[in-house]
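S.K.: In case you want the letters, here they are:
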Amino acid sequence: MILGKERWQVWEEAYESIEILEDIFSVASDDRTHNALLKIYKGYFHDLFTAIDKGKKIVYGNFAVPGTLMRGFDTDKVFWYQLEALSVIQSLVGEPGVWNSKLADAAEEGGMAPEICSVDRIAHGSWLNKVVPKPDACFYLTTPCDSQTCLVNNMVNETGKPTIVLDMPYQARDEDIRYVARQFRVVIKFLEDNLKIKYDFGRLKHACEVYNKMMVNIADWVELRRPRPSAQPSETVSLMAAVVTVFSGHQSGLDYATETLAEIKDFQSRGIKTVSGDELRAIWMGTPYWTDLNFYNWLEGELNITVPMDMFGYYHAGNLIDTSSEEKMMEGIARNAMRNFPMTRQLLGSYEDYLGDYRMLCRHYDADFAVIPGHLGCTHGWGISGLMREESERMGIPLLMFEFDMLDPRVKPRDDVEIIFKNFVDDIVLPKKAART
Amino acid sequence: MRGDIITAGVDIGSTTSKSLVMMDGNILAYVIGPSSANPARTAGEVYQESCKRAGITEKDVACVVGTGYGRARVTFAHENVSEISCHAAGAYSVMHEVRTIIDIGGQDCKAISLDNNGHLKNFAMNDKCAAGTGRFLDVMSRVLEVDISELGALDSESQRPASISNVCSVFAESEVINLINEGASVPDIIRGLHNSLTNRVSVLVNRVGLNADLVVTGGVAKNKGVIRALSEKLGTRITSLESRIDPQIIGALGAAVVAKRKFGKECAAEAI
Amino acid sequence: MEKTNEMLMKSFNRALSELNNPYIKEAQSNGKKVIGLFCSYIPLELIAAGGMVPYRLKGQPGKDIGAGTTYLSTRLCTFSRNALSLALENDYSFLSGFIGNNTCDQIRRASQNWIIKKPAQFNHFIHIPRVYGEENVSFFKDQLIELKQELEEWSGKKISDDDLLKENLKYNKARELLRKLSMLRKYNKPVLSGSEMLTISAAYHQMPVNDFIPAAESLLENLLKEKTSDKGSSGKARILLCGGMIDEPDYIAFIEEQDIDVVADAVCFGMRSYRDDVDMKMDPMEALAERYLTHFPCPHIGESFSKRWETIKQVYKEYNADGIIFQRLKFCQIWGVDSHNMSGECEEMGIPLLTLEREYGFFSTGQLKTRLQAFVELIEERKEAV
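Residue numbers (numbering that gives the first Met the number 0), protein chains in the order written: chain A, 0 to 436; chain B, 0 to 271; chain C, 0 to 385.
Here chain A stands alone, though its shape is the one from the complex (with noise of 0.2 Å):
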C-alpha cells in the first residue's frame, strides 16, 4: 500500500523492501548513507504517486537527461519520470534480479534483441508490461549510448506522445556546450507548448543552488574516498549516479550528498576501517554491481578489497552553474551534463576522457587493481577494452575485465563472480604487491 492505494506489484514489492530495510538501518543511526538514500527513494516513491493520483503531467526521460534543467517546471504541476527509475530501485533494494528479468523477458518476447543492454530492455519491458505511468510528453537525450538514443524509437512509436530528442555530439568544446544549451531552448519551448505550463527561469535559479550544492558535499566526499585506510564502504561509490540522476537540482539529492558526506567525516574521524587486513584497493571503471550491492561487503569481508571510487562515482566541483544569467544557467546544465556525468563523460565522445579518467583514478586513489566490469550489452564499454588493457600495463596496475549483466544476475551468477575476483586476486594482486614489498 503505497499512499493508501494498491499500485502495481512490482512498486509495490519495492516500497515494502524500503519499508523493511528502513526498519534495520535506523537501529544504526550512524549508518547515514543507506538511511538518508531510502528516505529519498521513500520520497521518490510518493512523488510519483502523488502525481499521478493528483493527474500532474508526467514527462518521460532516459537515463542521462539533466534533473535541473526539467526543475524548471513547477513541480506541483509535473513529474519527471526516468524510464530507468523502477529498474535501478528494484535492483538496489528489490529481490536482486526477479523483477528485472521478467521485464528483460519481455522485451525480448517483444521483438527486441537479446544482446541489446539490460537497462534499455527492462525499460521498454516495463512499458510493454504496463508498470509505467503514462507520459504527457517525453524529452531524451541522445546519449549515452546506441541503445538508449533508439529505444527512443519504439517509445515515441508507442507512447504515441510529443517527443523531443536532444543531441549530445561527439565533443565538449565550448562551441560543442552552447549547441546543447541552443538546444535545451527548444526543449524547454516545447515541452510548455505541450504541456500547456509555463516554464519558471526562477526556479531554475534556485534548482542551480541545490545542484551546486550537492555539487561542492560530492566534491569534498569525493577527496574524502582517497585516504587510506577507506573508512566508508566501497558500496556507497555506487549509489551516488542513482543519485545524481534522479535527484540532480532536488533537495533531495542536496540532503544525501550531505549525509554521505557527514557519514565519512564521522567514519574518519572514529577510525573505523571497511577492511580488518591489508586493503587491495580497486578503481571500478565501469558500471556498478547493481543487481546485488551486498558483492561489495563480500569483496571487503573476504578478499580485503575496497572500492575508493568508481566511474560513476567521480564528480569535479569545478563545472558548478553559473546562475548569473539564463544563458549562463543553460550552458552550465549543458557543461555539466557533458563533461560531469557518468558515461556521457566517458562514453558518448573521444577514447581520451576514459582512458584519462581511468589514469587519473588509478592515480589518485592509490589503486592497487582495476576493475571493467564488463556489462554485457555495454558495446561502448566493451570497444575500448583493447586499449584500457594496453594502459593498464603502461601504468602498471593489474586489470581485471570480467563479463556479468548490472542487473540480470542470470547472465552470470554472484557465485561465478567471486570466484574470478578469489583467483584474481590469489593468482595476480597479491603476488605483485609482495614483489613490490
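By construction, these hints were calculated from the structure, which means they are not laboratory data.
Take these hints with a grain of salt, some might be off.
What the hints assert, rightly or not - Pairs of lysine-lysine residues, derived as DSSO-like cross-links and limited to a Cα-Cα distance of at most 27 Å, are as follows:
# : chain 1 : residue 1 : chain 2 : residue 2
1 : B       : Lys261    : C       : Lys382
2 : B       : Lys261    : C       : Lys316
3 : B       : Lys261    : C       : Lys156
4 : C       : Lys31     : C       : Lys188
5 : A       : Lys160    : A       : Lys56
Please read these numbers as outputs of a predicted model, since none were measured by experiment.
Chain A is already provided as a structure; the job is to place chains B and C on it using the hints.
M.R.: Frame of chain A; chains B and C shown alone:
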C-alpha cells in the same frame, strides 16, 4: 486399394530419423531410428522399414516428402519441405484446435503459430545456441549419469528445485557440477534444468504470440518435466498429444500430410 | 540473358574484387588520394570536390578477425571487428586518409582504435547528429565545414562552391542511375537480381564516380535494350531486404537460391544510399548537410522510425513485394532495438516478416536454409489463403 492414396513423410533430424506411411489420413506405420553420418542411407533405411511394417511396397506410395535437417538428402522424395511447415501440418492434422506449436528438437527449438485454418502464421527459432534444445538435456543427463528417458520421472520427485541461473548451456554444465558437489539431489537439479530450459523456450513462444491451444512436439515433448515447467512458465495448459500419437513423429506425419496435399498437383503430374 | 549480365557486371565485380581494387589503383597512379570512410552519413561529394576519392570501408568475408577482436572484444559486431582487423594488418594501408564517425558505438570505437593504432596521413573524426531538427542540420553543416577546412589544409587544394556543385551534380547523376537500375527489379521477372543490385550499389561506394557513371550507363542501356517489356514471372517470392550493414552480395545470392527474388532493399550499401538526392538550388554545403543528415534514415537517429517505416512501406508497395527479410549482425544494437518496431508494424499490416541474425561474411547454411524455405512456404500459404 484403388482410390486410396498412400503418402509418406521422412523426417531426418539431427538426432533421430523418422519415417511414416499414411493412407487417406490414417497412419499405417512409422519408424524412429537414430540418425547417422550418412543421412541419405538412413533415410532409405527408415523409409523401407516403415513400408515393410505397413505391409506395402515403395511402389504403392504415391508421394514422399522429406523434411528435417537432412531433407535435401532424402533423394527419393518428390519434394522437400521445411520442418516448420511439417510440424505445423502434422500437429494441425492431429488436433485442429492447435494454434501454437513448440517443437523442441535435438539441435534447435522452434515456436510456430497457426491461423484458424491451420496456415502458418509466424515462427521463431533459437539462434546457434543449445540452451533451449534437446542437446542441452542430453549433455546434462550425461553429467548427472541418468538416462535421458528418466528425466521426466525424476523431475516429479524434486522437493526443492535447484536454481540454474546460467542461460548458456556450457556454463550451466559447470553450474550443475557445482550443485552436485554441494550435495543437491539429482531430481532437484533436473527440475532446475527443466525450468532453465523453459525460460529460453518461453521467450520464443511469446515472440510468435502465445495462444492457449498449445502443443509440444519433437522428442523432448516426451519429457513430462519439460511439459510441467513450460505450462507453469507460460501459465497455460499444454495439450498432450501423447495419448493420440508419439510427439516425436509429428514432423514425419506433417510431411506425409503435405505429401497428400501435394499429391493432387506435382506428384500426380509426375506419376503420369 | 544471364551471360550478358555477367559481362556487363564485370566493371562492378572488379570494384569488389579486392580492397585495393583496379579503379583505386588507377586513381592513385594518377595522383589521387583515397579517403576511407565508414558510413552513409558522410558526404562523398565533399571529398570528391577536394580532388580525392571517397572509399566506403568494407569488410572482407573470410578474414581472420582476431586482431580486431583483441581491441573490440567479442561483444561487438563482426563487421566492425573485421574492418578493424583489415586496418590493423595493413590491408587498408593504401588509404591516404581516414574519416571516422559515431553513427553507432561500434563504428565509433572501431574508428578510434583505427586512428590510434593505424593512423593514416589524414585522420578526422566527425560527429553525426542523432537527431535531424533544424538546429542539428545547422550544427552538422558546421561539422562539414570543419572537415572541409581540414581537407583543404592537408591537401593544399581549396574546395570552391563550384567544385562542390559539380560533384553534387555528378553524384545525383550516379544515384539516378542506381535508382533506374533498381527499378528493373520491379518486373515480375526481375531483370537484375538482388545480389547483382547490391554488387552495383556497393561498387558505387568503392570506385571513383567518374568511372561508375559510364559503367552504370552502359549496363542500363544494355538491359533496357534487351528487356523492353515485363514478360512472364519468375514465380518466386518477392522480398524486400532491410536491416543493418550488409556489403556481401553472396549473402543475398544465397537467399535468392531458395526460391526468392530480392526485389528491393533498405540497407545502407543499397537503396538507403541512393534514394535521395542533393538539392542543387541550395548553397552546396547546406544542401549536403541537409541531404546527408535527413536521408532515408538509419535507426541510430532517435525518433526516425516513422520516416524509415513510411519509406520502407512505400518501396514495398512500389516493388510489389510479398514479404520482408530483416537481417542484422549479431550485437548490432541499433537494429536490434528497431526490430521490435518492425515486427509490430509488419504484424499490424499483415506483412510476412523474417528476422535473421547473422555474422559478417559467414552464412550458417543449414539453419538459414530452413528459415528461408519455411518463410517462402509461409508466404505461399498466405497467398493461397487469400
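S.K.: Decide, hint by hint, whether the structure agrees.
M.R.: Going through the hints against the structure:
1. Lys261(B) with Lys382(C): holds (16 Å)
2. Lys261(B) with Lys316(C): Status violated; Cα separation ~31 Å.
3. Lys261(B) with Lys156(C): violated (69 Å)
4. Lys31(C) with Lys188(C): violated (41 Å)
5. Lys160(A) with Lys56(A): holds (12 Å)
Of the numbered hints listed earlier, those contradicted by the structure are 2, 3 and 4.
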